[in-house]
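J.: The lines below spell out each chain.
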Amino acid sequence: MTAPVVSSPALEEVLARAGELIDRWRDEDCGTPTVKDFCRYAAALNDGEYIRRARALEADGRPVEAPALFLAATMSWEDGPPEDELRPDGLARRESPCTEGLPVRQVHGGQSVRLVRPPVAGARITATRAVVSARHKHGRSGEFVLLGVRTRFLSPDGSELTAVDETIVVLDATGGDR
Amino acid sequence: MTAPAAGAECPPRRYAHTSVQLFRFSAVSWNAHRIHYDAAFAASEGFPDTVVQSTLHGETLSRNALEWAGPGARLESVAWRNVATAVAGEQLTWAATVSSVEGARVRLDARILKADGSECVTGTVEVTLAG
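If you're matching them up, the sequences are chains A and B in order.
Just so we're aligned, residue 36 is where the first sequence starts under my numbering, counting upward by one.
Just so we're aligned, residue 205 is where the second sequence starts under my numbering, counting upward by one.
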């Protein structure tokens, strides 16, 4: 009897769910980031020079551009969810597409970020996001699924600010074999 | 800086992320994944300490490239692949090689290396030098 291509039921379900979601784009309102949002991000990177420059521009009434990867690094723009709605690993549902309720764990495989125009404090931003690929693979540590997620950040006039392609590695948390 | 040439090596930079920085970066990027701030949970997933965020690696790749490129340089794109996990306090090294130069636009093959020289992150960074 031929062994199944996907030996993990959990990963098989991830692939099935991803198949339903691929290229279904969803919009998200990222709100209107402030100079404080930018400066707090810079502070976490120990970038005091950015903070001094941004606050000086703000004091002069000039536009303040976000740190280059501010949009790409921010995982969610939602208000919540509260803790009791998080998964045991701390991730929210939106941050774990296709995996809700499944015995899997996930890590970031990497990102590709293209910067078109820097977002400016006080300007509204929207994101449009979709799962764009799902591939089953075998590696040194066993089988896994690679989910490709694409996000485009847009300014109010619809022009692109930043485009992000990220790879999420989903692994079976139970050992996987049927 | 003098005009870079393809094949030139950038001076490597050594650093480590503290557990405080990992917590603060998780907080500011709204990343609640427990492997980044809960050492006991990270251990339950097989990691020796809290795990450096993928996006923090992206920041390190690009910020060191911009610093190397000099004042006024602009980041155009960055792409990276996580090869191995890095944790809080781990000694890491940023290294990069100029892979192409087209006018003011410079492309680097960049890497984050572990203390034993093995690759932790590999990627590319494109910057435009100031005029």
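Hints in this document: simulated from the structure, not taken from any laboratory.
Don't take every hint at face value.
Stated by the list, open to error - Only some residues are given here: those of chain A computed to face chain B with a beta carbon under 8 Å:
1) LEU56
2) ILE57
3) ALA91
4) ALA94
5) ALA103
6) GLY125
7) GLY144
Ideal Cβ positions, reconstructed from N, Cα and C, are used throughout, including at glycine.
J.: Hint by hint, note whether the structure agrees.
T.: A quick look at each hint next to the structure:
The criterion of a C-beta within 8 Å of any C-beta in chain B is not met by LEU56 (chain A), whose closest approach is roughly 21 Å, and the hint is violated. With a cut of 8 Å, the hint placing ILE57 (chain A) at the interface with chain B is violated, because the nearest CB-to-CB distance is about 22 Å. For the restraint placing ALA91 (chain A) at the interface with chain B, the shortest Cβ-Cβ distance is roughly 16 Å, beyond the 8 Å limit, so the hint is violated. Residue-level restraint check for ALA94 (chain A) is violated (minimum Cβ-Cβ distance to chain B is 21 Å; threshold 8 Å).
Annotation: interface hint on ALA103 (chain A) holds; nearest CB of chain B at approximately 4 Å, less than 8 Å. Checking GLY125 (chain A) against chain B: minimum C-beta separation of about 4 Å stays under 8 Å; hint holds. For GLY144 (chain A), the suggested interface contact is upheld, since its CB lies about 6 Å from the closest CB of chain B, less than 8 Å.
Checked against the numbered hints given earlier, this structure breaks hints 1, 2, 3, 4; the rest are met.
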